[in-house]
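Each chain is listed here by its residues.
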Amino acid sequence: MKRNLLIVLLGTTSLYSMVSRVALADPSEGPLFIDGEIEMITRTESVDGHPLPEVISGWHYRTESTQALEADSFENPGMLAVEEGEVLWSTVEGSEGKSCESCHDDAAESMVSVGSSYPKWDEASGKPVNIEQRINMCRVENMGAEPYPFDKGGQKQMTAYIKNQSLGKPVEIDVEEGDMQAWWERGKEMYYTRTGQLDLSCASCHERNNGKYIRADHLSQGNVNGFPTYRLKQSALVSLHNRFRGCIRDTRAEMPDAFSDDLMALEVYTTWRSQGLSVETPAVRQ
Amino acid sequence: MNKSKRQFLGRTLGVSAGMAVTALLGSSRALASVEDVQKAIEAFSGGKTPAEGVVTLTTPEIAENGNSVPISVSVDSPMSEDDYVESVMILAEDNPSALVATFHFSPASGEAVASTRMRLARTQNVLAVAKMSNGDVYSATNNIKVTIGGCGG
Amino acid sequence: MAAKPRVKIPKSAAAGDIITVKTLISHKMESGQRKDDEGNPIPRDIINTFTCTFNGKPVFSCDMDPAVSANPYFEFKAKITEAGTFTFTWVDDAGEVTEMTKDIALK
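Protein chains in written order, with this note's numbering: chain A, 167 to 452; chain B, -7 to 145; chain C, 524 to 630.
If you're looking for bench data, these hints aren't it; they were derived computationally from the structure.
One or more of the hints may lead you astray.
To be verified - Think about it this way: if two alpha-carbon atoms lie no more than 27 Å apart in a straight line, the pair counts; the simulated DSSO-like pairs of lysine-lysine are:
hint, chain 1, residue 1, chain 2, residue 2
1, B, K137, C, K551
2, C, K625, A, K318
3, A, K378, B, K137
4, A, K399, C, K527
5, A, K399, C, K551
6, A, K399, C, K558
7, B, K137, C, K630
8, C, K545, A, K399
9, C, K551, A, K318
10, C, K551, C, K625
11, B, K31, A, K399
12, A, K286, A, K318
To be verified - Label-pair ranges, simulated between beta-carbon atoms:
hint, chain 1, residue 1, chain 2, residue 2, range
13, B, P88, A, V278, 45 to 51 Å
14, A, P217, B, T115, 33 to 39 Å
15, A, V278, B, T115, 40 to 46 Å
16, C, V614, B, R114, 25 to 31 Å
17, B, T115, A, E355, 27 to 33 Å
18, A, G263, C, T604, 48 to 54 Å
19, C, N578, B, P88, 38 to 44 Å
As the list claims (entries may be wrong) - Residues from chain B shown here face chain C by an in silico Cβ test under 10 Å; the list is partial:
hint, residue
20, V61
21, S79
22, M81
23, A84
24, N87
25, L91
26, T94
27, F97
28, S101
29, G102
30, T108
31, L112
32, A113
33, G127
Even glycine gets a Cβ: it sits at the ideal position worked out from N, Cα and C.
Based on the sequences and whatever the hints tell you, model everything.
So, in structure tokens, the structure goes:
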């Protein structure tokens, strides 16, 4: 009996220490300046209808040294991929003898508001498209080139390069156009539906428990404004749909395919939730 | 990174078995590592025991991911033609292999300061050992807690 | 398709200035400790040496072991006494050499 009591006491102590750790785990103070120059909106009032009063960038949930890595565009290893994307931008591919640059000239001008405004409604396909899909449509229809397979062939680099042109601009998407509302609804349903052996929804971690720890991971609000993101774990750029799949796998559920209707709906909904935060691509996360 | 469940299980069992043996024999993996670290320091210092001070090692208290831990080392020295820091060896006591990197300076460095990023397999001590041009050897040690058990990729 | 290495130094410095040099190169730094999905060891493949010289004289170098993170980053100092050229060299296990030069002027 004494022994049991001791175990209970020990259990209580560790619970207390866990609680104090949670108390210390509030999102950090800002602000985030990239290279001391470009101020990023990392905390802002959320859009109408958002369940949380304030949207907070995942940057605030990271340790100081991870934060510092994103704040210096030279040290940020994700910028190596952005530079690869820059080379691809002017590389001619396909039967039409064109590069992205042939039609879109200087990405710094032509793409400046592209990275902050996708996914967008696409009338021709009757679906929302994200930047990865838009790049592939351009490759197939205008360049006569092969579409990039998911996460391969330069897809992450090109997406990161385009989104990086919008660095600092607030995410803002149009959920009124076409049938976007239906996709928003479907995405919302996915967000709140518990799945997998662990019976977790997106909201279980990122809405109800953000700021707390799940094992050793400091849970953020799961905003998507920094993708593709340089993740220390992979030491490489990680695309949004790769991260969606990773999160879903961690709940021990079946993973939908990248760019499937399910994950596109989730991208529409989570991007809507992230509105107002600056595009941080390539963000640096754990 | 993409370990199957069976591989993972095998590794976990291996670790438990190792711990059991450790407990029985009273020896530990860490001890073996300490010997490796001692040997590496002796080879680097020419047998001298490093003195404390002179070296400043800057590392985070907690590393969010062991794949990329910033480390910065600075050694007090005039960095003149006849009095400068030759080399600084970085060691991680509890990595599969303790050696991390060795920096080499010269009077043209101006200051003996260098930073890089390293991999740490677990919470452990990291050492910086500095060898001066006159053969003196100094060291500094920091403990770094490494976060393990976050969400998978 | 690997990105070019990144090197950051000031364009000019006064004689006697100690400048900060930063370098970053894309490399997976395969440690040799990992196994593939079939359980076979993935062979070690790392950049093992980085060297920085100024007008041919050594400034800083580093011998690397597999514990250096992917995409190796270095920050160090250099004392400028004359105008000239920095040469940065990375050598990997396969013997592949990546070199980059940067000029600095005197103020």
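Consistency of the hints with the structure:
1. K137/B to K551/C: holds, 24 Å
2. K625/C to K318/A: violated, 33 Å
3. K378/A to K137/B: Holds. K378/A to K137/B sits at ~19 Å (cutoff 27 Å).
4. K399/A to K527/C: holds, 23 Å
5. K399/A to K551/C: Status holds; Cα separation ~12 Å.
6. K399/A to K558/C: Distance of about 16 Å is within 27 Å: holds.
7. K137/B to K630/C: violated, 45 Å
8. K545/C to K399/A: holds, 23 Å
9. K551/C to K318/A: holds, 16 Å
10. K551/C to K625/C: holds, 25 Å
11. K31/B to K399/A: Between K31/B and K399/A the Cα gap is close to 31 Å, so the pair fails against 27 Å, i.e. violated.
12. K286/A to K318/A: holds, 23 Å
13. P88/B to V278/A: 45 to 51 Å: This hint holds: roughly 46 Å between Cβ atoms.
14. P217/A to T115/B: 33 to 39 Å: holds, 37 Å
15. V278/A to T115/B: 40 to 46 Å: holds, 44 Å
16. V614/C to R114/B: 25 to 31 Å: About 30 Å separates the Cβ atoms of V614/C and R114/B, which means 25 to 31 Å holds.
17. T115/B to E355/A: 27 to 33 Å: Between T115/B and E355/A, where Cβ atoms are some 42 Å apart, the hint is violated.
18. G263/A to T604/C: 48 to 54 Å: For G263/A and T604/C the Cβ distance comes to about 51 Å; the hint holds.
19. N578/C to P88/B: 38 to 44 Å: holds, 40 Å
20. V61: holds, 8 Å
21. S79: holds, 9 Å
22. M81: holds, 9 Å
23. A84: holds, 6 Å
24. N87: Holds, about 5 Å.
25. L91: holds, 4 Å
26. T94: Cβ of T94/B sits 4 Å from chain C, so the hint holds.
27. F97: F97/B check passes; min Cβ-Cβ to chain C is 6 Å, inside 10 Å.
28. S101: holds, 6 Å
29. G102: holds, 3 Å
30. T108: holds, 5 Å
31. L112: Check passed: Cβ of L112/B comes within 8 Å of chain C, closer than 10 Å.
32. A113: holds, 9 Å
33. G127: Not OK, violated: G127/B not within 10 Å of chain C, min 20 Å.
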